[in-house]
Amino acid sequence: MTMLRMSAICKRFGARQVLDGLALSVGRGEVYGLLGPNGCGKSTAINILCNLLDADAGSVEVAGEPVSKRTQRRIGACPQEIALYKDLRAAENLDFFARLYGLSAADRQRRVDELIELFRLAPHVGTRVAQLSGGWQQRVNIAAAVVHSPDVLILDEPTSAVDVDARHELWELIDGLKQGGMTTLLTTHHLDEAERLCTRVGIMRDGRIAAEGTLPELLARVPAKAVALVETRDEPAARQRAGELGWATRTYAGKLGCLLSQQASLREIVNAFDGIDVSAVSVQPVTLEHAYLEVLHGGPPVETGTAQAREIRDLRQGAQA
Amino acid sequence: MLQQTVAIARRILLEYWRQRRGLIFWAVFPALMLLLFGLIYRNSTSMSGSFDTTPAGILIGAALFFSCLGGTVSILVAERERRTLRRLLISPLSPAAYFLGIVAAQMVVAIGQALLVFALARALGARYHGSVALGALIVALSVFAYVGLGFFFGTRFAKRAEDVNGPVAAFGVPLLVLGGTFFPTSLMPGFMIRAAQVDPVFHMNEAMKGVAGRGEGCEQIAGDLAFLAIFAAASLALGVVSYRRMLAEEKRS
Chain A
6 MTMLRMSAIC KRFGARQVLD GLALSVGRGE VYGLLGPNGC GKSTAINILC NLLDADAGSV
66 EVAGEPVSKR TQRRIGACPQ EIALYKDLRA AENLDFFARL YGLSAADRQR RVDELIELFR
126 LAPHVGTRVA QLSGGWQQRV NIAAAVVHSP DVLILDEPTS AVDVDARHEL WELIDGLKQG
186 GMTTLLTTHH LDEAERLCTR VGIMRDGRIA AEGTLPELLA RVPAKAVALV ETRDEPAARQ
246 RAGELGWATR TYAGKLGCLL SQQASLREIV NAFDGIDVSA VSVQPVTLEH AYLEVLHGGP
306 PVETGTAQAR EIRDLRQGAQ A
Chain B
5 MLQQTVAIAR RILLEYWRQR RGLIFWAVFP ALMLLLFGLI YRNSTSMSGS FDTTPAGILI
65 GAALFFSCLG GTVSILVAER ERRTLRRLLI SPLSPAAYFL GIVAAQMVVA IGQALLVFAL
125 ARALGARYHG SVALGALIVA LSVFAYVGLG FFFGTRFAKR AEDVNGPVAA FGVPLLVLGG
185 TFFPTSLMPG FMIRAAQVDP VFHMNEAMKG VAGRGEGCEQ IAGDLAFLAI FAAASLALGV
245 VSYRRMLAEE KRS
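For the protein sequence lines, the chains are A and B, in the order given.
Here the first sequence is numbered in the working numbering, starting from 6 and rising by one per residue.
Here the second sequence is numbered in the working numbering, starting from 5 and rising by one per residue.
Just chain A, same shape as in the assembly (with noise of 0.2 angstroms):
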């Protein structure tokens, strides 16, 4: 069953059109991660989701129902900021927004209880919000989120605020909801989050989802199997090398990447680049910042380079050998 679905959304704030066609849709028990750069319309999106803002064009969904005060219960949204009570304890917090919701006082307690347990909030229970780590105070923001067993959750970038630890231990969490067949949609910069946690990756880029699928279908729109990141001081010639190589090219954070069609080892990339200044060489595998970049920026068309490259490439490689 589909629990959200937005079709040819469009919303303009002034003389600027943040949504031009969004449309996506995200199924029972599903983690869909909603990426793309600042600005692209993510938060826009969510908001007109959580019924904070009207689209100027086409319909939302949760759960079959359209978008109204009453799918606002449906949904459970935790802001990318802490948005708790800092005076109160963890579970006062908890408490409040289940009274919110309705919830009845035997319910509430069981509901907080549970919560309690999944997010492992027990040592911390008593603690006053404040007096919390970012960690944890974000663990009680999305616990906050899921108190009135929504449907849908939302969750806005929800580790951009913690360090490392905190954030592998949220992942867990998220996996434990995950695993607790909670739909849920998901926006995050950074991108190992998403390839972790998210079953489907949608990628926005000017007010519309440009592309979007299971990871291997992501990292199947780049060209390689692998990606070699060459530091060089004479860019132009080893960019010029890796085209005779058949290899396409592109920038990744200042570096020259290297489309690789088939896996090479370290020793075969040095080789290619002999003659050139290149202080530094490392290969990985293709993730899904390769498959973002590919279609944020595009790429030039995969350099197949000409039969003259191949046959220096096969000579090197013959004389590696």
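Because the hints were derived from the structure by calculation, they are not lab data.
Errors might be hidden in some of the hints.
Stretch-level coverage of chain A by chain B, calculated; a stretch enters the list once three of its residues show a Cβ under 8 angstroms from a Cβ in chain B [unchecked claim]:
#1 50 to 58
#2 69 to 78
#3 88 to 97
The calculated lysine to aspartate or glutamate pairs, modelled on DMTMM-like cross-linking and capped at a C-alpha distance of 25 angstroms, are [what the hints assert, rightly or not]:
#4 B:K163 / A:D161
#5 B:K163 / A:E35
#6 A:K74 / A:E35
#7 A:K91 / B:E85
In this text, a Cβ means the ideal position worked out from N, Cα and C, and glycines have one as well.
Please arrange chain B on chain A, whose structure you already have, making use of the hints.
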């Protein structure tokens, strides 16, 4: 809606209790003002006579004004600053429940302040002359009015914590002065007394001074009570409109 109202009130009171410093100031300030004004007016009357008439104005002007009006502005600004407002907006919380929750919390604080002020006045030899129930009704209507004004100022003029004192001082204190809180309105020229008729603080003071200081009943303060009742109802409407306004602003942010 009742559950939501209670939840809001309970949460605010719990926060006040945890912070405590604010509660202490809300107790110390009216106590000191009562002593000071009681001693000032003692020059023109007896000790007990002075403290008979002073507590009403002190309760309205030095106690409820800061806790209910200033406190409401602070609550709204804090919701916005710690981003809990957004969480409230996406919950099914009704605007009326939010307003009434704040009223209920401030009502508890107001009752505490009233007990403190009149107990201190009694210790200094004063007497409460009128009906306690009528006094409680005036306090309740005053809390409504102040919270309504707090909603108005808080949503229109105070976006950040630094902004809280500005509107309270700029708009609130003149209302206190025009309302004859700290000195008799008989000192004011006629046109100011006429202007004061639309100031809710004037009617709070007149009603409370009448009941507590002169032992007046419903009939004598009917006009003031009617004004306060209408203003309380308008405050609820104002609160709901202001909450919706906050919602619209938050949507745009």
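*Looking at the structure, which of the earlier hints fail to hold?*
5
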